[in-house]
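Asks: Kindly produce the complete structure, drawing on both the sequences and the hints.
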Amino acid sequence: MTALAAQILDRVRISPAKALNLLAGEIAMACNASQHLDDTLGQLLDLISPEERLRIMPDLHRIDMLNQHLTALANFARDLGLQASEEEAVDLTSALSHITLGDVVKRIQGAATGEDMGPFHEDDGDLDLF
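Residues in the sequence shown are numbered from 1231 upward in steps of one, following the numbering used here.
No lab work stands behind these hints: they were computed from the structure.
Incorrect hints may have been included.
Between beta-carbon pairs, the in silico distance windows are [as the list claims (entries may be wrong)]: (1) T1330 with T1270: 48 to 54 Å; (2) Q1313 with P1349: 32 to 38 Å; (3) R1283 with R1308: 33 to 39 Å; (4) Q1265 with D1240: 33 to 39 Å; (5) R1243 with L1275: 44 to 50 Å; (6) M1295 with D1240: 37 to 43 Å; (7) R1241 with E1282: 49 to 55 Å; (8) P1349 with L1290: 31 to 37 Å.
Subject to a maximum C-alpha distance of 16 Å in a straight line, what follows is the list of computed EDC-like cross-link-like pairs (lysine to aspartate or glutamate) [as the list claims (entries may be wrong)]: (9) K1248 with E1317; (10) K1248 with D1321; (11) K1248 with D1309.
This one's a predicted model, so the numbers in the text were calculated from it and none came from an experiment.
Cβ atoms here follow ideal geometry from the backbone N, Cα and C, with glycine treated the same way.
Replies: Set out below in C-alpha cells:
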C-alpha cells in the first residue's frame, strides 16, 4: 500500500530547515504513541503473575529503548533544522510518495504548503487492523 491515495501534490518544495522540523514533529508523535503503549503495557503488568512479569520485562525494556531512540532522533532532526538553510529548497514529493500512512502525508504536506489538506478519509492509504 502506498500513500498515493493521499493525493500528493505535483511538487512540494520547502526549506531544508522546515523539512527537518516537520520530520522532528512526526518522530515526536511516534514517540508519544510508543510511550502510550509503554504506559498501557505497564498497567497490564499488575494483572499477570510475577513469573510472567519477569518473562516480559526484556520486551518492555525494548519499548522504553524505542521511546528513547525516537526522542533522540526527534531532537537530532530538530537541531539540524535549526542549523539548516532557510534559503534553499528541497523537493518533498518523492519522499512523500514512500510514506504509507495517508494521515502522515496529509500532515506533512499541509504543514509544508500551508494548505488545508482536508480531513483524513479511510481510503487515504492507511490500514487499521483493529
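Asks: Which of the listed hints are broken here?
Replies: Violated hint: only 1; rest satisfied.
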